[in-house]
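Enquirer: Residue numbers (our numbering), protein chains in the order written: chain L, 1305 to 1644; chain F, 1305 to 1644; chain H, 1305 to 1644; chain R, 1305 to 1644; chain C, 1305 to 1644; chain W, 1305 to 1644.
To be clear, the hints were calculated from the coordinates, so they are not data collected in a lab.
Errors might be hidden in some of the hints.
As the list makes no split between identical chains, a pair holds if one copy fits it or if it spans any two.
Said to hold, decoys possible - Taking lysine-lysine pairs in the DSSO-like style, the calculated list, with each CA pair at most 27 Å apart, reads: (1) K1601 x K1492; (2) K1441 x K1331; (3) K1406 x K1553; (4) K1492 x K1331.
6 protein chains.
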Amino acid sequence: MDRKNLERLRARYGNAKADEVFDPEFKKLNAALFDKPGQRRLPYGGISTFLDAPLKDDFSDLDIALIGVPMDLGVTNRPGARFGPRAVRAIERIGPYNHALKVAPSTMCRIADVGDVPFRGRFSLDEALEDIERYFKSAVRAGVKTLAVGGDHSISYPILKALGAERPVGMVHFDAHCDTGGEFDGSKFHHGGPFRLAVLDGVLDPERTIQIGIRGSAELLWEFSTDSGMTVVHIEEVAERGTEWVIAKAREVVGEGPVYVSFDVDGLDPAFAPGTGTPEAGGLTPREAQAILRGLKGLDIIGGDVVEVAPQYDANTTTAIAGAQMMFEILCLMALSPRK
Amino acid sequence: MDRKNLERLRARYGNAKADEVFDPEFKKLNAALFDKPGQRRLPYGGISTFLDAPLKDDFSDLDIALIGVPMDLGVTNRPGARFGPRAVRAIERIGPYNHALKVAPSTMCRIADVGDVPFRGRFSLDEALEDIERYFKSAVRAGVKTLAVGGDHSISYPILKALGAERPVGMVHFDAHCDTGGEFDGSKFHHGGPFRLAVLDGVLDPERTIQIGIRGSAELLWEFSTDSGMTVVHIEEVAERGTEWVIAKAREVVGEGPVYVSFDVDGLDPAFAPGTGTPEAGGLTPREAQAILRGLKGLDIIGGDVVEVAPQYDANTTTAIAGAQMMFEILCLMALSPRK
Amino acid sequence: MDRKNLERLRARYGNAKADEVFDPEFKKLNAALFDKPGQRRLPYGGISTFLDAPLKDDFSDLDIALIGVPMDLGVTNRPGARFGPRAVRAIERIGPYNHALKVAPSTMCRIADVGDVPFRGRFSLDEALEDIERYFKSAVRAGVKTLAVGGDHSISYPILKALGAERPVGMVHFDAHCDTGGEFDGSKFHHGGPFRLAVLDGVLDPERTIQIGIRGSAELLWEFSTDSGMTVVHIEEVAERGTEWVIAKAREVVGEGPVYVSFDVDGLDPAFAPGTGTPEAGGLTPREAQAILRGLKGLDIIGGDVVEVAPQYDANTTTAIAGAQMMFEILCLMALSPRK
Amino acid sequence: MDRKNLERLRARYGNAKADEVFDPEFKKLNAALFDKPGQRRLPYGGISTFLDAPLKDDFSDLDIALIGVPMDLGVTNRPGARFGPRAVRAIERIGPYNHALKVAPSTMCRIADVGDVPFRGRFSLDEALEDIERYFKSAVRAGVKTLAVGGDHSISYPILKALGAERPVGMVHFDAHCDTGGEFDGSKFHHGGPFRLAVLDGVLDPERTIQIGIRGSAELLWEFSTDSGMTVVHIEEVAERGTEWVIAKAREVVGEGPVYVSFDVDGLDPAFAPGTGTPEAGGLTPREAQAILRGLKGLDIIGGDVVEVAPQYDANTTTAIAGAQMMFEILCLMALSPRK
Amino acid sequence: MDRKNLERLRARYGNAKADEVFDPEFKKLNAALFDKPGQRRLPYGGISTFLDAPLKDDFSDLDIALIGVPMDLGVTNRPGARFGPRAVRAIERIGPYNHALKVAPSTMCRIADVGDVPFRGRFSLDEALEDIERYFKSAVRAGVKTLAVGGDHSISYPILKALGAERPVGMVHFDAHCDTGGEFDGSKFHHGGPFRLAVLDGVLDPERTIQIGIRGSAELLWEFSTDSGMTVVHIEEVAERGTEWVIAKAREVVGEGPVYVSFDVDGLDPAFAPGTGTPEAGGLTPREAQAILRGLKGLDIIGGDVVEVAPQYDANTTTAIAGAQMMFEILCLMALSPRK
Amino acid sequence: MDRKNLERLRARYGNAKADEVFDPEFKKLNAALFDKPGQRRLPYGGISTFLDAPLKDDFSDLDIALIGVPMDLGVTNRPGARFGPRAVRAIERIGPYNHALKVAPSTMCRIADVGDVPFRGRFSLDEALEDIERYFKSAVRAGVKTLAVGGDHSISYPILKALGAERPVGMVHFDAHCDTGGEFDGSKFHHGGPFRLAVLDGVLDPERTIQIGIRGSAELLWEFSTDSGMTVVHIEEVAERGTEWVIAKAREVVGEGPVYVSFDVDGLDPAFAPGTGTPEAGGLTPREAQAILRGLKGLDIIGGDVVEVAPQYDANTTTAIAGAQMMFEILCLMALSPRK
């Protein structure tokens, strides 16, 4: 043991004030993050919000709004994602700093949990999708970027209608399923088809869309993906070619324009994300998903969502933990986007 | 089937507007409860608060404050009640109307969830108890009644210090344990002794205190209860004599003065409340507890608490459901108290 | 120990063939129940059916059809009862003999599990209710009595439309909620209102309807029950007056005509039935429910249902066990009904 | 508040040494129970033993041996009770004092956890029953009373063979099932028939046997109970007549001689004891079971068992808690038995 | 966004009939798979069968029979796999199409769930193994290939006796354990030794046998594997050399002849398959297992099994999901086998 | 199938005595491990101890002591690790042989479970840390190596004070967090800072310390790690460079001197180890952890710990399984260490 070093350390840390930090960069960040009153609270204390963000009633003075969308009328099997926002809010201690991207979003943007989309009712899928679209349009009008927590995947369609109204957006999409199916059981608006609708509405550019982690039994329903020009990366391809290849592919596909990130937790393997409505064995690991997301740094991420967290099937809350972590990764990307 | 009646019903309800109510009393209550904007929301939507009460930052313009006390440093066995407030807030659909007492508290008082006691830290039981006392004293100063959710039972001591500072209060106490033990493992301030301390501090009147549902293995530690003049009703006595007898006894004991209601969920049988730190087989049923609580109608209830909800042991959330229900029953009693 | 008795017992049982039974009544029943090939199988073996009944494709040669109705689009809070039929089928070892009623239904009637109502789709509540009505009408036409497993409580409305089409029926209804609410969130057809609709349609006779176990927060929405002439027995009344009184009341209310039995598992306390969408603390015990049901012996029970089993919230399967047991009790009543 | 009383209390308790106790009886018991070194340990510390009893390798210097019997080869449905001893040992804080019986067994007898029956193997039910008999016979020879934790109910047969070898014993039996069935699937030695075998072997006196809580679907298999002269108290009879009646009946039936107490946790309702292999809705409450057990005070209890705890179905450990509590109640009865 | 493409897509999909598919191959498959009446049902509707296959009573007109073997008398630790078939049947939405192998088995073969092996009883392991052998021999006689779901791994021995009776078969075996141990606790027929017995009986060719994923504590018991000429691939070798190497090795070992695939879910890591009797940390991922299985395409797979699914330890049903998926992968291999 | 081989196998194994082993090395090990009386017991039988080691009261005649440290007063979020030792002891069938390292520790050293650290009380973190230090110092004085099971990570500080008192030790540390934070909420002694304290006390050599698997949100608090000269390997680096690189790095860092191994189960991904107080998505797999640990073979491992197992969040016991396995891997390393 280096005696000198020990003495130096004792001198520096031995009598330091509580929480004193010496690294200049860390010092600055700590000051920015924690000196605000009320921030240093117990993780299990106070009202639970997304990523522990402050609570806010409207979109004023905001850069990024974290929005709950507790609606699962579009599921085709196990319901429950209506409790997804509640489950993700209950997760403690995600963020505020991302060591891989070296970024603390809340020091760069004004971020708040603005609560949940106000729904007119609980029985009509069509009506709910209208409510979502209206709400996200008001965010767009206010110049606020949005990061949503579902809810089932059908919510991405009205969100894209709001975010892509001006010009179609590209998309990086993590999922076990392409979700580009057609009408099903008499409804176009289920969780298996939002991206077909978004393309046909002209708000999502299929040629700037990449779908990652695809597998499972519904392949026969997804011809629209390839036919429309989307890039479909099956899970086998991720395993064989690695995350670096996926990142390069994704950046190539989405290019320079505005990009939406949609993260369905069933893209992950059920071991990591059992709490979801249509689990499929053999999926992504959180490490792979994080690596790919971080590889998108610098793209113009204009919004995102994390969907299909169904806490009824999540005995150990691993799904909500993974979902909250992915939400934070997307938030970091949004904070790092070139234009705000 | 009475044809006339059917025609009358069809005429009355057949073309009624949505949610129209005809009973005059119900009409009035519905109007009072639900016409406020934002109230008619999904039970799984929005930020979770105690009993779905509005969220508030301070004690101004309030009659009753619902307060979380996420602190379990006083437990002697299984920890976890620090997550009690979060668990109780997550329960949907308790209230707003009590059909047995025929009362809707939020139409009678100004009630809000004011969040959690702000703690200086997470390691010191003594310090935490000081923080609790300080916070509840500020409520008292503001003229606001308090209804707390623990946390372990050690929190009742500082609360009583705040609420009984002016004059000692009586107490109706539901529990498996008397919680009048002495110093234990070097600490006076554990969850097994708050009421001994409160008596010795002169803030709790033992002769106006009744303890209901007592059982379990620690009887040998509770001589203080009987020695000080408390009335101890073991669970066997509840079973033999019935709830009517318990109610009469309780009213006789606490008399006319100010009364505090402390509800430890381990007073219930573990089938109803498994999620707690020191479960004891053979306890109260929620029906018995509700009957006794409702029998206290008209007493001068100046505050209350529901403690020891530990969601880690509550796979089906029955404990949190029962705890939230008891919280609502106490709130009704507080709303019905003669003086506000 | 009586030496003679021991010798007699040894003579009788010591060399008896496996499973030999000496009591004449038991002998007869055992022969009727178990001599059929295939009956003596492992409880965990073979395809799971309701109460281990044989599986059948249609209503021919049947007296009573056990029918799954996996539909929960009518819930107002926690979804999941669409998996109720699957959960109830998975319960082992309920029946075939009821020791209290001294009856083995399968020796008296031809009973089969006919599978689930075939639904056109999974998104439309209105459409689903039509599908249910159509299916139960075909059972009625075939002269088959029905015993359904939901699904949420909205399914009782179309079932009653089928069963009461000829003449209105009476009802014994176990529930925490009256389920006679009006339009809600734009829909008449939710799980909080089936019995208002059934009365207005003239298929349910309110004056021959009794609702047992009522409690909870929605009392203000149920004026229709009392206004229409239904008898509402709150849980407090069950506790105070006892099951004998409830039985007498129920028999008095429903009288001689055809009776439907609807059992919502949330009528039970959440300790016994946590796996349900709208649990309410302080409910019936299974013992009380069984006692009341058995007290209906001899009434003309023309159909029944067990609804709101949501296995996602039923960690120990107690809800499914209780639900299956109540289903068996109703089946016994149906077998004992005067006219088949 | 009585000022004088407060002063007296402050004088007495204010400066008392830690844990000082003033009540003479309590003082004596506390001294007897806790002054032994090592006793005052954390409930979650150290090796888990039954009721926190000391661990011992043999029967020397013992009055009562607590014995695990981890064997479930006799089950007819859900296995898992082989882990029953481990689950019951893991329960904290049962005893050492029984406030209702006013007794602390460990101050009256020498009690130890002697570990588990050593089995030759894990595949043969017949062999396992021999191993159990041999082991309990060695306890009898050592003059030690036994209190066993199963394992499934088939273990009671070899235990009774050991304990009743000298003279037949009477029995108080808590269960949903009579367990007096005959050969089943080619085996006499399953968990549905131990008491038929014990009677035929002359080690159990049927006329001094009472079975309490009986219900469920296998009634047709239990003619042996009534035919042999056992007293069968169905659960409905407990509900109607009350525990006082059951106690009187039980004392009348078993009379003065030696009595064995066998407690199958499925005698309790599944809400209280879901973790068991053959649950039956509508059972005893722990309060009823405790009341009946305590009513046996003074009988000559020469041994007992708690069986069928299967922790795989016991998400909140309520079954293990109830089982451990019943074990303690039986231990108290054994300590209070007239002859040791 | 390519305007032309959008117009083309709108023209093609905008007014398409529900579920219309344009890709010729997909069109054909969809027609083959879903046009049959009754196929398009809710995943949570109807009687649960393996992989949603039709139910059948016998082996007539069948190519592949899916068979449940609910027997776990051979376990050496945690029981429960007797409920494995029920758990796997309850999994929704596996298949009907395998995107990696581009195959839909049910379009190529006649497949049915024929229910469970009829057992004479529930207590005798030896007898149960005879029942299994007899049943599978009848399948062989009927010219039907079998795919079994256990039950514990001891079932593979009688299955191999049936399938290898004519000539010994090769085997690809996924497991944490070699299962080639000798007599244990007096029984040869436990779940730790089926493959030693099969070799000694001449029905399994050790030199054409590969065991993949081996690890855990019982290595010392498995000398038979290497001594007999089996190829043992420890999990460390899978990690180091990759799945491509394993596939090549497996194909080299089993060669051209008939091959049996035995999949013990404890071959997977406990994160993916906690619900099993003898879990071992550090196992295969489902992705690896799927990759290896798919690499066996074209081999002459004459039968297979998925064993050791014990739902009691599977809170989130991930084990049953993984087991059902592996079952589907094996089914695809069987459909693709050169000779049927 | 090779006929000769089959005959040889039949000759060798066909009539072998039960459990006979022919491989000379395996024969020797089996003899050493299992011939001791009492060793061949059921995994679910007997008192549960760490890795099934014999129980012992003191340090005499011991080489390695397995020690429980049931203390979690240092946690900053979810408590529960106080039940970690109980959970790890309950895991069956880990060891006794490590196939990868080809070692059976109990044949090389005298190993025992010596129970838990005797704590003076349950409320004071400072006092508990003193108790731990005192106890481990007595082990050091007795010349016994220690392998501890926590408890939260704060326990490593007093252990290191005991083990490093003579000379500072190096460390291989698996964790999501560096645990080198400073004073927090007024306490230096929390689970986020043990290694800063150990360095400043001169008992841990930072330059011989490597931290593996680091990630999560608290990076800003860990400047001490890098500033003091520790080698920090973030999880991303493990993923990119592989375990071989990590092993080489670790061996380079710790060099020749004494090394402590500290394994925080939150170093693993929450899918593998959900049962812990501060889970972080995206962690190590058990396979990676095992590979790295085994790569440390031959180092002078003088002690170790496995910490932060909190069974309250571990529905399927995967965390306890992984923790027990890592404990065994460390034990093997200790047995293989050059000097004992």
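Enquirer: Against each hint, give a clear statement of whether it holds in the structure.
Expert: Results for each hint:
no. : hint          : result
1   : K1601 x K1492 : neither (34 Å within a copy, 37 Å between copies)
2   : K1441 x K1331 : neither (39 Å within a copy, 37 Å between copies)
3   : K1406 x K1553 : both (24 Å within a copy, 24 Å between copies)
4   : K1492 x K1331 : between (52 Å within a copy, 20 Å between copies)
The structure fails to meet hints 1 and 2 from the earlier list, while all remaining hints are met.
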